[in-house]
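Novice: The primary structure of each chain is shown beneath.
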Amino acid sequence: MELTRRDALVALGGAGAAAGGAYTVSRLDDEEAARGIVERLVPVAEVVYPSQVEVTTDFLETYVVGRIEDREGYLGGVSDSLDTIDSYAVNLREEAFRDAPHDARDSLLRYMGVDEAEPDPDGTEAERVRYYVVNELQYALYTSPVGGKLVGIENPVGYPGGTDTYRRGP
Amino acid sequence: MTDARGPVDDPDVCVIGAGPAGALVAYTLASRGHRVVVLEAGDRFDRSEDEIRMERSLRPAHDAGEVWNMEQGDGRDAYTSSGERGYPLNAARVKGVGGSTLHWQGMVMRMHEKDFEMRTRHGVGRDWPLSYEDLRPYYARAERELGVAGTDDNPYAPPREEPFPLPAFEPSYSDALFADACEEVGVEMHSVPNARNSEPYDDRGACVGYGTCQPVCPSGAKYTADVHARKAEEEGATVIDLAQVERLETDSTGDGVEAAVYTTPRNTHRQSADVFVIACGGVETPRLLLLSRSREHPDGLANSSGAVGRYFTEHLFAGAGGTVEDRTRQNHVGFITSESHALYDGDEPTPLGTKLEFFNYAGPSPAIEAMNADDWGDGLLEDLRGSYGNNIAMGGLVEQIPDAENRVALDETTTDNLGNPVPDVRWSVGERTAEAIRAANGVQHDVLKAMDADIGWTVGPPDTGPAYHHMCTTRMGHHDDETVVDARTKAHDLDNLYIASSSVFVTAGAMNPTLTIAALALRTADHIDEEL
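The listed protein sequences correspond, in order, to chains A and B.
Residues 1 to 170 in our numbering are what the first sequence spells out, letter by letter.
Residues 1 to 532 in our numbering are what the second sequence spells out, letter by letter.
The hints are simulated quantities; they were obtained by calculation from the structure and are not laboratory data.
A few of these clues could be false.
[Said to hold, decoys possible] Partial list, derived from the structure: chain B residues whose beta carbon lies under 10 Å from chain A:
id, residue
1, Arg59
2, Pro60
3, Pro171
4, Tyr173
5, Gly209
6, Gly211
7, Asn360
8, Tyr361
9, Ser365
10, Met371
11, Ala373
12, Trp376
13, Glu382
For clarity, every value in this text was computed on a predicted model and none was experimentally measured.
For each residue, glycine too, the CB sits at the ideal point set by N, CA and C.
Put together the whole structure using the sequences plus the hints.
Specialist: Here it is in structure tokens:
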């Protein structure tokens with residue numbers, strides 16, 4: 001299942017619906033920083049998301065640009081957290097996180113303690129990674145129908161999916 | 001430099017608190033040509049940021065208080081809880097324009113006829129000094145003001161004279177799963193009146209199913225009292241936010257309130273008025289009266305009875321849930337569509353009011369579970385699929401018997417950001433109330449067993465909690481040693497002080513209180529209008 005630009009707009013909610021034009025990094029002042037975030041998020045999303053979800057740059061670019069525009073502190077928070085992940089990868093594996101194989105990326109995030117970390121934007125390195133990277137990705141996926149449907153709920157909490165679905169049977 | 005939050009010159013009415021009671025009083029009186037000022041301790045929230053609030057409410061990094069700026073760290077909302085059971089006060093309220101309706105669920109039932117005569121019928125508490133019939137026209141007005149979606153299919157409900165303003169929300173899929181079991185057990189199901197737009201109403205859109213009603217509805221379909229604060233302003237009222245009222249001062253005779261002393265981020269002011277209305281809910285209302293002690297009123301304002309703060313009464317939660325073989329389609333919406341008042345009236349299984357609810361949000365929500373999980377990827381998805389899908393649950397509210405020892409007092413050893421003693425909520429649950437909770441659990445188990453459910457949890461007397469409905473702390477009645485205000489909600493001891501709040505309830509019933517708060521507030525406004 002491929003995540004699309006449209007899925008990202010849905011995940012952005014009202015911000016996605018309200019903004020005009022395409023959510024591309026070219027609309028941002030700091031285009032390079034945003035592009036770097038998108039490129040570095042792809043290998044994390046490939047680990048955090050289930051294997052049946054195909055992560056695309058379109059999806060992440062749209063979501064990241066929307067978040068940068070709509071959430072104060074997001075740009076700095078996610079950028080610093082991705083730096084942290086890369087720094088662990090370089091120290092432990094002598095390669096950038098994106099260059100590591102899937103299983104190694106998964107292991108590295110667990111080695112950092114991100115899997116068991118309490119998300120906290122002002123916390124430890126692992127807690128910030130959990131907040132700005134992992135939980136951002138989970139929020140984008142599982143509060144939107146594309147992620148909800150994986151579990152069996154097409155109108156998940158946080159998504160304005162109307163007042164029909166709760167009346168339907170399985 | 002002048003303070004933009006300074007007092008209004010020569011108003012007729014000063015309302016303290018901009019929750020549903022205060023906002024409705026202010027709107028009603030302003031629309032009848034009276035000069036009204038409202039002093040609100042909390043913020044005026046920018047509702048265009050509700051999606052951000054919703055995200056905070058879903059993401060585990062953020063405390064519940066962050067959503068509506070409670071417990072900001074400055075001590076404004078400090079309290080103590082020294083009773084037998086801890087009371088989580090700041091989870092139970094919001095300070096701001098709109099008050100606790102900003103985070104409420106939005107269930108709005110009329111109290112039953114018996115609720116007004118519990119002493120006569122069942123020997124419990126006191127009778128109210130008014131009847132259901134007295135309040136009935138005000139209930140209808142309140143339903144129109146709030147925009148209540150409902151249908152007249154409840155065989156246990158008190159009589160009503162006109163249809164609900166909005167059509168009811170249709171029953172959920174899981175309601176249908178309960179139906180046969182309820183019939184077998186003899187518990188008739190019916191719809192739930194919701195203060196939530198089932199279609200556009202009063203310039204607000206219909207519900208779009210965010211599923212986060214409590215604590216925030218980003219679509220604005222759920223009624224919140226900032227609606228009436230705004231309408232009051234359109235009628236000429238002045239609403240001053242971030243205005244913490246510290247005390248009321250009386251004139252030299254002690255017979256009338258002369259001014260409300262309030263503090264803004266910039267200064268302390270005195271707001272005079274001809275009439276004062278305290279509308280600060282069941283905890284801050286008695287606290288303000290107690291803080292307003294003076295030479296003429298040494299035990300606190302309006303407290304010659306000693307009843308101010310006493311009889312703090314709540315609704316107790318009773319619930320049970322588990323899993324069934326079928327998929328139950330939970331967590332699509334954040335409100336319930338069916339309930340039952342079958343146990344409410346009469347003596348069996350208890351004379352105390354008991355209301356049963358059929359949840360549409362049983363079990364975990366996958367998004368929230370994902371953000372709290374210690375796994376990701378395929379492992380997480382497998383876990384989510386395992387935990388979502390087959391949960392089922394019933395809830396319910398049980399009436400608490402008023403007890404003078406359950407009370408809101410001042411904690412003289414702890415002070416708030418302005419140096420005033422904080423409220424101390426002393427709360428316990430007595431044996432008769434515990435019996436009623438056990439009875440509710442019994443019926444819930446019967447229904448779940450009739451569904452062949454694997455019952456996984458029960459909330460009974462040991463771990464019951466409050467429904468965050470603060471009542472009876474300045475109750476109404478005839479002038480004696482047990483009540484604070486009269487049937488017009490005017491303080492016995494003062495010429496110009498009214499109270500609009502669930503604090504004037506005499507007994508609690510088991511119906512969510514806000515529709516009754518609204519009806520009483522509209523009635524209070526009528527009385528003040530007559531007086532002015």
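Novice: Give a verdict on every hint.
Specialist: A quick look at each hint next to the structure:
1. With 10 Å as the threshold, the beta carbon of Arg59(B) comes within range of chain A, its nearest partner Cβ sitting at about 6 Å, so the hint holds.
2. Given hint, Pro60(B) at the interface with chain A, holds; its Cβ is 6 Å from that chain's nearest Cβ, closer than 10 Å.
3. The interface hint given for Pro171(B) holds, since its Cβ lies 7 Å from the closest Cβ of chain A, which is under the 10 Å cut-off.
4. Because the beta carbon of Tyr173(B) sits about 5 Å from the nearest beta carbon in chain A, less than 10 Å, this interface hint is met.
5. The criterion of a C-beta within 10 Å of any C-beta in chain A is met by Gly209(B), whose closest approach is roughly 5 Å, and the hint holds.
6. A distance limit of 10 Å between C-beta atoms decides the matter here; for Gly211(B) the minimum to chain A is near 4 Å, and the interface restraint holds.
7. Checking Asn360(B) against chain A: minimum C-beta separation of about 6 Å stays under 10 Å; hint holds.
8. The beta carbon of Tyr361(B) comes within 8 Å of a beta carbon in chain A, closer than 10 Å, and the hint placing it at the interface holds.
9. Interface restraint check: Ser365(B) against chain A, minimum CB-CB distance 5 Å, threshold 10 Å, status holds.
10. The criterion of a C-beta within 10 Å of any C-beta in chain A is met by Met371(B), whose closest approach is roughly 5 Å, and the hint holds.
11. Interface restraint check: Ala373(B) against chain A, minimum CB-CB distance 8 Å, threshold 10 Å, status holds.
12. With its C-beta approaching chain A no nearer than about 5 Å, Trp376(B) sits inside the 10 Å limit, and its interface hint holds.
13. For Glu382(B), the suggested interface contact is upheld, since its CB lies about 9 Å from the closest CB of chain A, less than 10 Å.
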